[in-house]
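Residue numbers (the working numbering), protein chains in the order written: chain A, 770 to 1064; chain B, -8 to 319.
Treat the hints with care, since some could be wrong.
Covered stretches of chain A, as calculated for chain B (at least 3 residues, CB under 8 Å) [as the list claims (entries may be wrong)]:
#1 944 to 956
#2 964 to 971
#3 1045 to 1058
Just so you know, the hints here were simulated from the structure itself, not pulled from any lab data.
Heads up, the beta-carbon is just placed ideally off N, CA and C, and yes, glycines get one too.
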Amino acid sequence: MHTFHDFITSFWRESLKTFKIMSRNKMGLFGFIMTLLIILISFIGPLLWPPETSANVAQINKGSSPEHWLGTDFQGQDNLRKIINGGRDIVTIALVTGVLSMLIAVVVGSFSAFIGGRVDSILMEFVNIWLTIPKFPLLAVLATVLALKDVVMLSVLMALLDWPALARQVRSQVLSLKSREYIEAATMLDLGTPRIVFRELLPNMMSFIAISTIFEMTHAIYQQTGLVFLGIVPYSSANWGVMISAAERRGVLFNPQAAWSILAPMAAIVLFQLALVSFARSLDEVFNPRLRTGV
Amino acid sequence: MSEPLITLEHVTRTFTVKGQTIKAVDDVNLTIPQGEMLCLVGESGCGKTTTGKMIAGLLPTSAGRILYHGKDIATIAGNDRKAYRLGVQMVHQDPYASLNPTQTIYDILAAPLQHHGFTRGEYETKRRICHLLEIVDLTPPDDFLEKYPHQLSGGQRQRVSVARALTVLPTFIVADEAVSMVDVSIRISLLNMFARLKDEMGVGVLLITHDLALAKYFAWEGRIGVMYLGRLVEIGPARQVVEHPQHPYTQVLLSAIPEADPDATRAKPRVALRSTDMPSLLRLPTGCTFHPRCPVFAGEVCENIVPPLEKANWGSEAACHLVHANES
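Pulled out of the complex, with its shape left as it was, chain A reads as follows (with noise of 0.2 Å):
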């Protein structure tokens, strides 16, 4: 009990500790509690406001109002609550995208480096040609083609197209770490190779992952939003991409009151953008003391 003890203070301590040096950067901060906030009301919001059910042909395409914060769309519906309901889908795609296209991207990036030889020149050329794919098409195709029902199954297509990049430069990475003389000397101190990977090369690699982690999910929101637009990916549920798509397809473009219809998403999806990349710049400065002021 003893040990679970120490284990919860230190991990206590520890968070106290990042989320000082998180807050000393403004803009970072910012990007922090926006981020939370998004995804907290995007799975707690629906069940508080869920969606209506029914279009409202009173209220049809209105702009902001006391009643209706962000206008109304070509149902009748309020923007705002279809925000709050359509943000969960964007944030799994986001989750699953980034977290899973990174996780291979560092298997095979730092597999490939510690391998060499052969494996490496093999895996190395395989993402080469794999760059040259123009990936928006493909991704079009493969999408129509697997008639994919749900977000999580997209978000995994979408991270088995993204990661070869990835991987090649966290491949770079390693390359370039591993032979940094500090990993030398661990070597020499026979600290073992779990410890060496864990201890020394990860932490030094922690900045550049989350940060290529974070811009993979904008870059999965993006192809999201891109493909329901085009309508390849099924309507079924609504988000913010499919509120865009659904906007466009009744003629917002050439309806000046039915402006808050295609802005709104827009903006959220701006805004949550804009809280992950500000969140990332406040990651760099947890993972890389040297980028710590006035320690």
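With chain A's structure known, arrange chain B on it following the hints.
For chain B alone, kept in the frame of chain A given last:
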């Protein structure tokens, strides 16, 4: 003389670069007794760092053997392997690259201590770390524990590197140009620190340097080995090598060291080289590799036959056809 700690037997190391083979270290024989201060000097590219890395086990040899307490380090196993792995440590040249930037000084020093069970618990580890920091003159130690490497100066980092090597109680430290990148004012105190390690902990040190003046200061009680294009051309007690250099290459090197007094420098007899160009490692000269530049070049024998390292005068050994021991 005590039992040799490290023995190099015909050690050779080749590298293949774009299909061409380069001999970085060629047939080096060396015996290092326990607690010796040995200095390897030579120009850049002469194989001194490669030799150091092979002794530290970071590079395998291409031919020949390295023995630690009489056991070949390439095939050593079990407890002997562990004794060797921890017994021989290295301090790198670049103090800015040799410490992990994401760890505090405490983390860096605690890892080997705890991993190998030298200390148990946080209190004991901290006490040992403070003691180590005091040994390397980082006082008061408490000021350094929570610092990151980037918050220290080059000299301080180099001291942390030495402290890290000392965590596992080594018997031998390879210091590869360990003082070359720090301020001149810090060098002497670092060298003195190494000397103290020998006196207090019995740690032998191999200092690799291109600076003969530094070697002279460092190895005053020990030996100096001079390397040229992968071969050990002269080795002997430091004082004798400096005052009575046997090999013509050593003589040239010594004559090129400027003295603090400009008049003395001017008055110093200069030994002129026949050529100032360093031969390419890809096309090593035949015979004695120094012959194209040698001031005392003696024709065919130098061009064709590799001179063996043989006993010369003043307790030194030299690899030169023209140097013979005076039997007196």
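Problem - Hint check, failures only - result: Hint check: nothing fails, all pass.
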